[in-house]
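> Starting from the known structure of chain H, arrange chain U with the ligands on it as the hints suggest.
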Amino acid sequence: MITTPSDLKTYKNDLKRALQNQFLGATLDNFATAFKASRTKAFEGIDLDTLIAEIAQGKDEAIPYLEELFAAFKARAEAVGIKVHIARTAFEANSIIADIARANQVKKIVKGKSMTAEETFLNDHLEKEGFIVTETDLGEWIIQMRHEGPSHMVMPAIHLSRKEVAELFTKVTGQVQDPNDINGMVKVARRELRQVFLEADMGVTGANFAIAETGTIGLVTNEGNGRLVTTLPRVHVALVGFDKLVPDLKSALRILKALPRNATGQLISTYVTWITGPTPCTSSPDGRKEMHIVFLDNGRLALARDPLFSQALRCIRCGACANVCPIYKLVGGHNYGHVYIGAIGLILTYFYHGRENARAIVKACLNCQACKAVCPTGIDLPYLIKGVYRTILEVEGKTPVKNRLLKRVMGNRKLFHFLLRRAYLAQKPVAEGEYLRHLPFFFSSEHGFRTLPVVAKTPLRDMWERINPRLEKPRYRVALFGGCLVDFVYPEQALALVRFLKDHNVQLEYPMEQTCCGLPAMMMGENETARDVAVQNLKAIDPANYDYILTLCASCGSHLKENYPKLLGEEKGLGVKVEQLKAKLIDFSSFMINVLKVKPEMFRKSGKKVAYHAPCHLCRGLGVTREPRELIMVAGMEYCTATDEDVCCGFGGSFSVDFPEISAELLKRKLANAEATGAEVLVTDCPGCVLQLRGGMDQKSGRKMEVKHIAEIIGE
Amino acid sequence: MEKHEQIRLFKERAEAVQTSVTDVTGLQQAFLYAIEVTKNQGGSTIAAPALGPEERSQLAELCRQAEITLLTENIRDHIGKIQTGLTLGDWGVAETATLVLDSTSEDVRIATMLSETHIAVLPRSRIKSDAMELESELSELMRSAPRYLAFISGASRTADIERVLTIGVHGPKELHLLILDEGQEQSSPVHDVQKAKRKPRRR
Ligand code: SF4
Ligand code: SF4
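Those protein sequence lines, which keep their order, are chains H and U.
For what it's worth, this note's numbering labels the leading residue of the first sequence as 1, then goes sequentially.
For what it's worth, this note's numbering labels the leading residue of the second sequence as 1, then goes sequentially.
Please note that a few of the clues may not be correct.
One side only, chain H facing chain U, incomplete, derived with CB under 7 Å [what the hints assert, rightly or not]:
#1 Asn21
#2 Asn183
#3 Lys250
#4 Leu253
#5 Ile268
#6 Val272
#7 Thr273
#8 Cys281
#9 Thr282
#10 Val409
Covered stretches of chain H, going by a simulated chain U footprint (3 or more residues, C-beta under 8 Å) [to be verified]:
#11 130 to 138
#12 146 to 157
#13 206 to 215
#14 487 to 495
Note that these hints are calculated values from the structure, not bench results.
Virtual Cβ for every residue (Gly too), placed ideally from N, Cα, C.
This is chain U alone, in the form it adopts within the complex:
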């Protein structure tokens, strides 16, 4: 499948599960997006636990200007106060509009499960047609334990009362995916989000 076709499918499938998808050209734009969403929802806290040092200070500066509290560790202590969980996704799967996120770090899990909105940056180059294409990469990750891998496709939902679809029963009420086209922003020092990710801490 051609890249643009994959992206088109990804967006179409995302819409069907109420995931909002936006194109961004750099991390800076993604960070500003997250800050804006957080403020619009009346929140004041972003949890972004898995950033590399450079990106963390970049985001910290933007948050400071916008008067947003940025949490980068010990997220468990802040449960109940997290408006937005911000992560860098590992892969995307077009067929099901899935975000694949290595959630081995407990901070990442809490930030993405106990926030009101989850925003993830997903590099365009890492979107695949279907999950089978990721089989060897995922198996490889599973071979280095501990490992907690998450496929996330939309916001938390239930239909347990009279089959009425209701969003946000346990986890975030909204999922925003920011598709990062790295090729378009030459000035960005980060050409690969993976490099921007801090390695999950081993205990």
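For reference, chain H alone in the conformation it holds in the complex:
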């Protein structure tokens, strides 16, 4: 039985327990590394961006017409002798399948792997009705015997060690199994399941595709159990979500090009089976199989009409969004989803399995965008996750205190900045040098993993007129979008920039009316507030007045670029400004390399060994990967590559406040990887990451590397 906590406290306890599981942590970490390599190799020679765009487009064209596609499928399938059913709910699907089994005097049922059947808890239902059900996919068989749900959509038993499997198989066979003889254990499964296949009266499968044009279903498997399930028993029932409908074979083949590559790094899965109509079957009295297809709605058809969430129906269940998720890697699928797991699981759980199951897990997202970057159907997963979070807040009508505060404070720039200035005074008694040694009372002891920085005495905006030189004939006019952290905590990062740009004859402006970019509001589900500050910023910085809008904060930058269009794109007049802003927005390294075209001669070669942390919002949000690394080298430093450079540091804004243990663990790994390079300095290009990394460095024992924003180190 699957249980998922509905309150944060229980959930956090579960997470803590999962963090203790060393086998899980190591397995998922190795898996993530191996997956990354094999996926890259599998897509060699393929224009992946185009393929993703094509798949997304194909899906988006089909989603509004699922009912029409279904009608076409049904007509075709019935013409060739398939019985087609619609199940509006999970219970209905289970009942239909049980009825089919009863009508055909079925006793024993074999199953191929199907997430849709997991969704409806089909096995539980059939067993309650007295049928004997056996899963035949090895991983599914293992977890069925352990009475667990899958912990991964493609590798359901990835959370188990060989030892645990050996213990299980020893119990099943009555013979001691050697955990190190995996081949031997697979043989046990082959032997045991072969017999089950031969005795089964009915086979149940899912389907990866339902092709409307020909009434064909497509099944993708590696083990070949799908072929046996659809061949040996006299009855075949396929349980298929409406979202699996595609117009034609071409659409299916296009998806097939991406699915195995993105799921397991295989070019294709071993068996892909296309079934059209009831085939010959000698175990059936009339020599022909009895074939049924049950289409499951369970909210899909309504989801298809949702302007935001319909995207979720593009999902082809490759599982990759879990593989790359830093949180999944730490805690595993049983703690990162309900039935569906990983990023898509956080979303689908709300729709298919309800608010209670979604409430706690949907909070656990760093917005690191790793999932989005790997999704073969281009789903904006982090955005939809926030959408679910927001929806739950709305439905429950319980606005957390911090949300109410945020709304009041952030909506009013003057008040917000007044409070930030006050924070400097308030922290005074506890501030000690650069760091707050004693944490403010509202943080619990779990936050001791990282020291928080102090708010600067003089924010950037207050010193701006003093420090910013007016240039006679500047090459470029550039507006600096500061962001709260640079403005109020790390003005020195901007000081470095000012000095540097002056030398390059670039006029920098700091439009004073600018305020917080609004990302924190959006992360808390407060889209109205996020919209209001976005309008304020666009008023403050009219992109038409500048050649570039530069930001030192990758998070602000990617929010401006990605979310402003979502927040304001449709609004009259503002949409155009947002597009201009997007076109002119640039990060520090890209400005240096691509605009100023800096050369090694301009720098003193220091040979300083530097490790780099790629901020999520820079490498994925803004898609900038080459420039910072190049800049480090151009500026005369030695760039030392670290493991997992592009994995999140664990900051995630308010995430690190809600889930300090996860944040701390990610930070620990990040620092260890950086240190392993032997570099003296850890460089990054987002003040949020600087906050996290510096704070962690300060807390840890042993060698401490310097942590710097790239603008600071280049300016040296």
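For chain U with the ligands alone, coordinates are given in the frame of chain H:
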């Protein structure tokens, strides 16, 4: 893509999924290959359900000489005893080293799923660069139901225990593809394997 380039790619990709690929110049050679593999593995039965009458008697004669039992129908009755499933493939796909096999006949499915080794003959001329090239042919087949089409790319495999790749969990433990160059053997009466295939029985 040039033919020889397709074949090279096919072989390279096949190797990556442990599929063994051998060139043959005629069906006779393919049949002898199957018999030899069967014997080497200590087996004594070949299931070859979808041959035309001429090829069936040719194979039957070779099997008789080699003391191998040849099964050509009612394969279900022999589950557990089939060493080798021998088929004539419909197409090959170089990109993924895939054998495309019309498996509408239940005998073909059982022979290729419940044998220890699957050997398929694949005419060189029917190898395509990628599956998209077969879209219209496959759609056409799907339009005449019932139809059970299989893409087979390697032997049955799993990585469900600690992600360790293990071969042969349910289906055959080995897949052998024999690429038939029909152009090279003038004496062969069969220039197209498709002609050698018996039409799947309709029920
Ligand atoms: S954004 Fe990052 S943390 Fe959130 S689900 Fe995606 S990968 Fe996981
Ligand atoms: S959301 Fe995307 S990455 Fe995740 S399982 Fe679905 S298709 Fe794969």
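> Against the structure, test the hints numbered earlier, and report the numbers of the ones violated in rising order.
1, 10, 14
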